[in-house]
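Engineer: For reference, the chains in residue letters:
Protein chains: 2
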Amino acid sequence: MSERVLVKDLQARQDGPVSVSGWVETVRDQKKVQFVILRDETGAVQLVNPATREVGEDATPEQSAALALTETISALTHGSFLTVHGALKHDERVKLGGVEVKIATLDIAGEALPETPIAADSSLDKRMDWRFLDLRQRRNNLVFRVQTTLEHAMRSYWVERDYIEVHSPKLMASASESNAELFEVPYFEEKTAYLAQSPQFFKQMAQVSGFGKIFEIAPAFRADPSFTSRHATEFTSIDAEISWIDGWEDVAAMQEELLVTAIQAVADKHGDEIKELFGLDIVVPTIPFPRIPLAEAREIVAARGYEIPRTDGDLDPEGERQIAAHVEETYGHPFVFVTDYHPEIRAFYHMRDEESGLTKSYDLLYKGVEITTGAQREHRVDVLIEQAKEKGLDPEHLDFYLDFFRYGAPPHGGFGMGLARVMMLLLGQESIREVTYLFRGPTRLAP
Amino acid sequence: MSERVLVKDLQARQDGPVSVSGWVETVRDQKKVQFVILRDETGAVQLVNPATREVGEDATPEQSAALALTETISALTHGSFLTVHGALKHDERVKLGGVEVKIATLDIAGEALPETPIAADSSLDKRMDWRFLDLRQRRNNLVFRVQTTLEHAMRSYWVERDYIEVHSPKLMASASESNAELFEVPYFEEKTAYLAQSPQFFKQMAQVSGFGKIFEIAPAFRADPSFTSRHATEFTSIDAEISWIDGWEDVAAMQEELLVTAIQAVADKHGDEIKELFGLDIVVPTIPFPRIPLAEAREIVAARGYEIPRTDGDLDPEGERQIAAHVEETYGHPFVFVTDYHPEIRAFYHMRDEESGLTKSYDLLYKGVEITTGAQREHRVDVLIEQAKEKGLDPEHLDFYLDFFRYGAPPHGGFGMGLARVMMLLLGQESIREVTYLFRGPTRLAP
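Protein chains in written order, with this note's numbering: chain A, 975 to 1421; chain B, 975 to 1421.
Treat each hint with caution, since some may be false.
If chains are identical, the list can't say which one is meant, so a pair holds when it fits in one copy or spans any two.
Calculated cross-link-like contacts (lysine-lysine; reagent style DSS-like; alpha-carbon spacing at most 25 Å) [claimed, not checked]:
#	residue 1	residue 2
1	1243	1187
2	1063	1187
3	1063	1005
4	1165	1100
5	982	1187
6	1243	1341
7	1006	1076
These are calculated hints, taken from the structure and not from any lab test.
Produce the entire structure from the sequences given, and follow the hints as far as they go.
Structural biologist: Rendered as structure tokens:
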């Protein structure tokens, strides 16, 4: 393993013997010379071989080997993985990085079938069928390197501030958020478990456990039958929860700092490549992000001439786009916290402001799409029970959760954020499917 | 939120006004003076109040307030969360950190019921019933701070070496490892999904996708009816997979370096506290870890006088303890790679050595308990199909997986490691339940 040189390291290396491994992107099999573009996880390099098309009957072993190599290269299939030993040569005429490798030996590690079932312009659904081939595209590889950087920057932000990472269970005895859209799992002894729709209850548990500040990045599950570009039955949820807050503002302040830190890390590490492959500039947003109460947001949207058809007082997707357009025009900012939602359109555990009766909560919109709900939680068990009842929930079913608040609880709050939505918007993609390793939806469980 | 001072920061602070928040650990309500030990996520501090037991009828407002404060403190319940404003004073006679806070005002944020349902010495099962209270113990809090450090050190190790983080789906159309111990999930339109027993197939997919090196830390699910101290129905699996390896040795070399890095981080950050609370020295192991082929390990165990009852050629738990004892005595090392397992006791996708016929795989034992299986994978699709058939598996059911290897594949391998097992052994605990945030077993789904 030690011998292999990554393509990105070739340029800085002196001419001489070298070994590279990757897969065949293209073969140009000319009469006198053969070129192979070999790609690995770090880049692509040109391999070259002077073709030996025929040898006489009295060929030397070297001549025979040269013929065999030429024939091997001629037969190479697109996507085959191979290792080449050869001679590295710097040559500024070579467009691809200014280096090429003259092939000495070529070992095929895994040969590909000759017909590739998809192309870069195949339909999204077809590409998802062959996602393992689709992911070989440079753009798609970059998506997941960007995601790695984004997540690591977030975790580092938290760890540096003494947050505790938790792994909350995904198998639960009852619903976490609502009884709708819940996957059931037959469990031992005829019991039923449910897949967690969010770590909500368990991240709150960490607060009454005295953990102070926690985070989790983990799968969440919703038996959601929608086919929109923003929904999945399984998604990666980024969650944080903190104690001793005075209101949603403390949660929002942490979240905007977190996002700025993470987007900055992406811009620093991948800015140029994102520009090249996605045609996008990664702009690091300024702090604070604009904040607009929901009622005001609705007025702004109405003044822009859009009438929200929803009657529950919330914004609809077009309303979200309108308010985002307003914020972009007014403040030049891609994010906006929409705040102070009416309790009717919020979960029972959102704390309410005593004066206004509105919840101490927010949605965070990014480029016009909701990526987060955040809130201060109600930690007073009697109030919590009343609010649950008001929503038609049976407090008995919530007893294990209500217990959390019967033995002492600090004021606390947090947010949940969809990783794929952030990635989709950051890279200007049309669907979370483009930025999900393997998408899961109502009609998609494979590969 | 900005006002609050963490307990750990009190000592370095000058005498004067201060605000602290936490929960009541003890109250000593003496006639003339009251002491409260308040704990937050960073430590405990003594609060003090000169008791005002009675005031006359012509009491000043200050005297009445003093009486009210005294009565509030007398009535404080264990575990209540509160905020105290007061005066910080350094006093070397105070054993707890050499500081105390004289209470000016005290606000109860969340009052606890007077009877705490568990004590530190309650049974493990009872403590799991009330895990949110159990986690308030310093030891338990430390467990999850150690875990955070351990995981972050691992992720940083990988990210610094250009690994890509993946989030593989937990909902699958078919089994990942074996058809046994599989949770079924009724899915849309009368389909059935299965919960991933490991990310095995999907981390291999990343290799044929040209990702090179990847990692994932995520939940895995096994419908395992066992009640041992080492098994759970849901657990956190630490997985890595890398391309272009020459054998299991390359995987093992990465894993031992990873573990040393992570354990070093734990020793640096928490060594003293682990010593205090667990009575343990965190010893950073040396590299390389000892390696012993399974056949030799069995001979060593036999020579130690233990006859392994299993007839399949594997080690049993006692055999694992015996070989670990041998390694500890011989090399003074807590880890050992047991290698070269017979194909009969390994998964069909383990690559086999052409000469010996044994798999290119290992188990990693830590203090006598298996924490990992690692291997080079078979990437040649025809060989893979043969090996699957040999295990009685129907290649048709594996077709989506076999496809990964039909369009080109690099040699690759990786490992899966149970986070809770590592934590249990690192901290000298008897059961993974002690180091799992919320344990899930055949009879435990709540809280």
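Engineer: None of the hints should be skipped; say for each whether it holds.
Structural biologist: Structure-based check of all given hints:
1. 1243 x 1187: between (28 Å within a copy, 18 Å between copies)
2. 1063 x 1187: neither (54 Å within a copy, 27 Å between copies)
3. 1063 x 1005: Close inside one copy (22 Å), not across copies (88 Å); limit 25 Å.
4. 1165 x 1100: between (39 Å within a copy, 21 Å between copies)
5. 982 x 1187: Cα proximity of residue 982 and residue 1187: across copies only (15 Å, versus 40 Å in one copy).
6. 1243 x 1341: This pair counts as within: shortest intra-copy Cα distance 22 Å, inter-copy 40 Å.
7. 1006 x 1076: Within. Shortest intra-copy distance 14 Å satisfies the 25 Å Cα cut-off; inter-copy 90 Å does not.
Against the hints set out earlier in the document, a violation occurs for number 2 only.
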